[in-house]
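These protein sequence lines are chains C and W, in that order. Numbered continuously in this note's numbering, the first sequence closes out at residue 290. Numbered continuously in this note's numbering, the second sequence closes out at residue 307.
Among the hints, a few may not be true.
[As the list claims (entries may be wrong)] Partner residues aside, some chain C positions facing chain W, computed with beta carbon under 7 Å:
1) ALA24
2) ALA31
3) GLY33
4) LEU40
5) SER41
6) ILE47
7) PHE93
8) ILE107
9) THR113
10) ILE149
11) GLY178
12) THR212
No wet-lab data here; the hints were simulated from the structure. By construction, the Cβ of each residue, glycine as well, lies at the ideal position given by its N, Cα and C atoms.
This is what each chain is made of:
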Amino acid sequence: MKSHRSTCVRRVTEIVAFSLLGAAMLVGLLALGVILYYILSRGSGAISWEFLTAFPRKGMTAGGIYPALVGSFYLTVGALAVALPLALGAAIFLVEYAREGVWVRAIRVGVNTLAGVPSIVFGLLGLALFVKALGIGVSLLAGALTLGILILPLLIRTTEEALRSVPRSFREGGLALGATRWRTIRSIVLPAGLPGILTGIVLSLSRAIGETAPIMFTAAAFFTPRLPRSPLDEVMALPYHVFVMATESPNAWKTQDLQYGAVLVLVGLVLILNLGAILLRAYSRRRKVW
Amino acid sequence: MNGTSSSGTSPTRHRSRLSRLAERADRPIFFAFGLVGLLTLGVILFFVIREALPIFQYVSLHEFLGPRWYPTSEPPAFGALPMIVASLVVTFGALVLSIPLGFAAAGFVAEVAPPALRDLAKSLLELLAAIPSVVYGFFGLTVLAPFVQRAFGLPTGQNAFTASVILGFMALPTVASLAEDALAAVPKTHREASLALGASRWETTWRVVFPSAASGLFSAAVLGMGRAVGETMAVLMVAGNSPALTWSFLRPVRTLTAGIALEMAEAPQGGAHYHALFMLGAILLLIALATNGLAEWLSGRVARRGE
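Chain W on its own, in the form it takes in the complex:
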């Protein structure tokens, strides 16, 4: 096997056939590996859309965007509007919490905290991001929902408000760490120029650093939004799962993600309900593509400006 090997003194003289192939054809082989991310994305798009489109054999697009979702009644109704609205409402609530908190925390880490505290704070934020969503859901269900129920005197604490609060804290590390990256990327010379003109550190932070990082901050907010829209388990456990259309924060709601998770087990494979749930997934996928595309475009703008 290794008779042709020229590396007699090398500790790795047993070169496998694969390795020898890699030495001659390394570039095309690794190019193929490089494509794996794009390929996966393509496969996801293909399969989700393929399973989603047949729903239009049962209902029109207009009906699918209608206000009634009764997938198991006779005749069934597949209006996804209540879930689209619920996802919007819950995501909006989560952003109201996570954007100010996240930006402020990022400002603290990037502009105020001494280096030792900075590393600690970043590690702890990473831990907050590492906690599984089912654990957030469990905490929301057993601790936060009963509290919200008592505080507002509601029939149930499982509603859009509770879901927003939990989601807000889940999106917080995403928003904070991306916002911190954006603030840290502002050139030091900007700060020095501002301070030299007599501005205080806060005035520099507020009037110079934050505006300079605007694109990056916006992109952090957009990616935080993507995170909140796509979150499943926590919302499933605390949002209450009522499929009725409502804009109220204090009513139980069912989001797009929760709808899929809740109903897929009972939807007969290949039936209208099954395809309708895949269409909800296709909507989520479109939202993910849009938010990531927007964030990508924003960061591209920053990169070009920096040149």
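With the rest of the complex left out, here is chain C:
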């Protein structure tokens, strides 16, 4: 039989333990807050219209980040163009056609493993396959292909989730009206799953825009005097620009303001995309009629 005192001790233990759990959560959030605060407070001074729309000048110690922004835009959109059709097809197979079994299990393990492959290894693949074996060279195209493969597992998973959330009765309705399986998917399931698919697309863009390691050997240039004219040109990219400005530039300390500015723009883009994903998710949850 436990005494009254022991009950009291147990109560205090519980309060202390739960506070410690909460403190751990707080440490993580604090880290997020500190990082965002530093970047915002130091970087906001550098942001101007000129910073966003001008080329770097004086050996990258002045001017803006325009070519890096444009390059990142092309790379990211290119990656999506590569990955989206493949991911849609794979997700449709997993949700609409596959029956649980060895194949589906293998496919799922493959996608999960692909998601766990380090980003630098994707860079190596891009170098060996696209740049060398296919002879594309260090270029926008090679970088977009590499990034496309990188976001493939993320896009497959989010699309799969989106399609899975469409109720079974929708499909049964389509099939009962005499539509073929593909017709039902195209006219009913895909439109119903669209908000979820868009959420996945936005998250993939956010992932692709921040990746540096995969484009280091496949696409990125330290500096280009003009915007890329063809998919076979090297490009500047925002995350790579941040990296070289902070580490490889001979007078990195002189350009701290520009670096913080570039980091702020990169983080800002990522946060906007993630916020967009959160809003999309909330919107589709509210609009859901089933």
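Position chain W against the provided structure of chain C, taking the given hints into account.
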């Protein structure tokens, strides 16, 4: 084109040839799409290993696992041990930080927090995961490294310790969110039974929920480890990049990932150095396969037990 279309009243009467093909051969077409993930994995394995193996024309396996890495000296030495050790040390440090923090944060979200706070905390953890690694690296380089240098009185703040701290916070969202999934998957009846026997909520959390979720928690730790081993940009920017062999946390180190990123630009294509760097990539790939395989096996165990 659409003369054969029977759907006269449909808004999508312009059926493309592709679409008609899809209607007849949909199953094999989508099966092919389904294989794309596996296929990509195969292509990665093939190309990385193909470019890695020729290194053994220059050095033996024994030499490759040796302690000296001087790829550009004459004669060059390709001992990858310093980088393997550095990756291990930095990953260990990151896990020491991220596993307790991640598990505790997961416990808070799954067992203590009210639902509204739960959603907010999860969204914020997602944001922490969304910040690009080059930004973590930049923050580590400009803020954390100078701080560590002053705090310990070191010649440089770019060392294994700083890298561990940054990596720990980068792995934290992975560990926390997977651990939360594991805790949330514990059946409610377990908790109710424990509470009915007179255990407090904390005793239930600690003695019932956490042990029941052990496989899932372990799998979260393993995947967090995979994340930390493979992280490149942040480590490249804050770990100091010295290729000397050391087990110390307060010395500059060069990890496997940083070695590849740092040296690939200067390695002549098709030379020994180039192949050696691909072999480092092959090691990373093996680690990724092992950690994911282990996590997969663990979650398979959970699924079977749940049946």
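Out of the numbered hints, which ones does the structure contradict?
Result: hints 3, 4, 5, 6, 11 break, sorted rising.
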